[in-house]
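Asker: The listed protein sequences correspond, in order, to chains A and B.
Numbering follows our numbering, in which position 98 of the first sequence is assigned residue number 130; successive positions increment by one, without gaps.
Numbering follows our numbering, in which position 158 of the second sequence is assigned residue number 166; successive positions increment by one, without gaps.
The set of hints was computed from the structure by calculation and includes no laboratory data.
Treat the hints with caution; some may be incorrect.
Just some of the chain A residues that point at chain B, by a computed CB distance under 8 Å [stated by the list, open to error]:
id, residue
1, Ser110
2, Met124
3, Thr125
Using C-beta positions, here's what the derived DEER-type ranges look like [what the hints assert, rightly or not]:
id, chain 1, residue 1, chain 2, residue 2, range
4, A, Phe96, B, Val479, 33 to 39 Å
5, A, Ser76, B, Asn132, 54 to 60 Å
6, A, Leu48, B, Thr201, 36 to 42 Å
7, B, Tyr211, A, Glu63, 53 to 59 Å
8, A, Asn62, B, Ala31, 33 to 39 Å
9, A, Trp128, B, Val236, 46 to 52 Å
10, A, Phe38, B, Asn132, 37 to 43 Å
11, A, Leu72, B, Phe446, 56 to 62 Å
All values derive from a computational prediction rather than experimental measurement.
Ideal Cβ placement from N, Cα and C applies to all residues, glycine included.
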Amino acid sequence: MRTLIFRTVAPYLSSLMVLFSVFVLLRGHNEPGGGFIGGLIAASAFAIYGIACGVSPVRRAMYFHPMALSAAGLLMGSVAGLLSIFAGVPFMTGLWVTVPFFTEELKLSTVLLFDIGVYFVVVGAISSIALALEEREVE
Amino acid sequence: MASSAKEPVDISVAMVTDPVPLADWLIIAPLILCTIFGAVLLMVRKDTRLQPIIALPGLVALVVIAAALLAHVVSSGPVTMTMGRWLPPFGISFTVDILGALLTLTGAIAALAGGIYGAGDVNNSGRRYGFYPFLFLMMAGVSGAFLTGDIFNLYVWFEVLLIASFGLLILGSERGQIDGATKYAFLNLVATTFFLIATGYLYGIFGTLNMADIALKAQAMEEKAPLVTLLSLYFLAFGMKAAAFPVNFWLPASYHTPRVVVSALFAGLLTKVGVYAFMRVALVLFPAERDMLGWVIAVIAALTMILGAMGALAQTDFRRLLGYLVISGIGIMFAGIALASPGGISAAIFYALHSMIVMTALYLASGLAARASGGFSIAGSGGIYTTHPFLAAVTLILFFAVSGLPPFSGLWPKVILVKASLDVGAWWLAGAVLLSGFLTTIAVGRVWVLSYWRPAPEAAAAGEEANLNPVIDYAPLVMLTAIVVVLGMFPQQILELSQVGTEQLLNPIEYIRSVFPAGGAQ
């Protein structure tokens, strides 16, 4: 699959896809989208980059091991649920804070933190499977 | 932004508005702790030296939390926390009664023993492939299954513990392990599918998944026919998980392949989750239908315990023999459920606790014996009594306990069970319990005579002396054996607890009231 065209386009394509995955993740708050589908888009971006340029550039680009990423996501999800202990409400209750952000108001919530956790779990798990399969193909 | 202009919404119709006392967080604490430790250990899994240093305090904390949860449940009755503040039956409830809390505590103790033993037994590659993260994630699944009050959520925890157990099973990536794991995975997936299908039917019938809500609605339901079918499907699914007789063959095919500590954890924890799930479904959700199926469960229980013990007699490998003893014990627990009298169920609960501890300890002892004498083959090893007298003495205690001989913990549940079966005139069930105990005694007696008592064969005696570390190798075994001895000598406390737990199962009014304080959502 290492044609010149693909190799030239792949880095731009994957960076665009990662950007889009973050958009989908944040959009998922009130509209279709969210952490799971965003994570899948990001994982396919890494897979495309891996097919075009080989697995080791992808691993370098990700910096952390994919499994560590998904563990971090799991940790984020648990902590997001645990925060409600301070509000005196049951586990996993959504809590909101409104932060002034220049002229707009930014609504942050534990739900968002949980969704980002889901995003990382999916990115980590799927890309570690995809990279392992691509590595086998090369050998 | 738009909603702030409108008048405030009354959330009390859909949400929990009472503040949650801090003690109620104990319900969910075992799960959160296991998930967080699992995630952290996964992040540092390349640092093999750090793994046990993080994991062991985590396992100790799990035991402490589970003990605190049991104390909380004993003092204030069944407790409930509903996730995300939604009122049950729409929010997912976690409801803990004495049965759930007792099993969580015992499971945590078995996991702690396994974690300590694993620090000496699991090598660096095993740690790098994630022994400790998998252990914590499996414990998250096991405690989630014991604590949840929602039947679909129970299915989810089954999946969590199953996936983690696949990981543990193939930790060494050896040929035999992959072979065992394939059988294990395939049959467990079939069982899980039955569980899911049954839950789908159940949702179709009742339109709810909350166990307390189902228990209420099943009482009110007039036509019984679909419910008996439903309970039979659950019996098949959980019987497969628990390795009851006609669907038990996956267990001896896989439990002798992984590392000893993994077998020990599986034998202690996984089959008991199946028994627990069946207890919950049969006794709390569908008691009337269970009465109709009582004789089926009794026949299967009797066959399971006798064929398990006979299978143990035929083995030449120590670990395969232990696998059959696990199956035989499952039969005894199902016999208690079949009787469904207070005596029968409290015997089943007591025996489940005993079996979790004893089977974990026996697998750990078999690992030490294999290291001391050079293999798991019963006929090929010998002379452990002369080289390692302490190990031999501890193992003899465990052999007595697993056969149900006094003065150890296996005796009391069997005595109660025999009495309970004679009370209802089921002499054949009482006979089966006694016969299986007799066969088990012969089976373990054979191991004792051949591997421990008999002088070492010439070839094995020439081998080098195995060094067993007094702390890491013996501590978990001694800890578990001490529990076996204490339970056997002073059974009063556990007996009372399992009787109270039985009352809560047979008359789940407190369980239901803890989920629906107003007496029901209808």
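Asker: Which hints from the list above does the structure break, by number from lowest to highest?
Answerer: 5, 7
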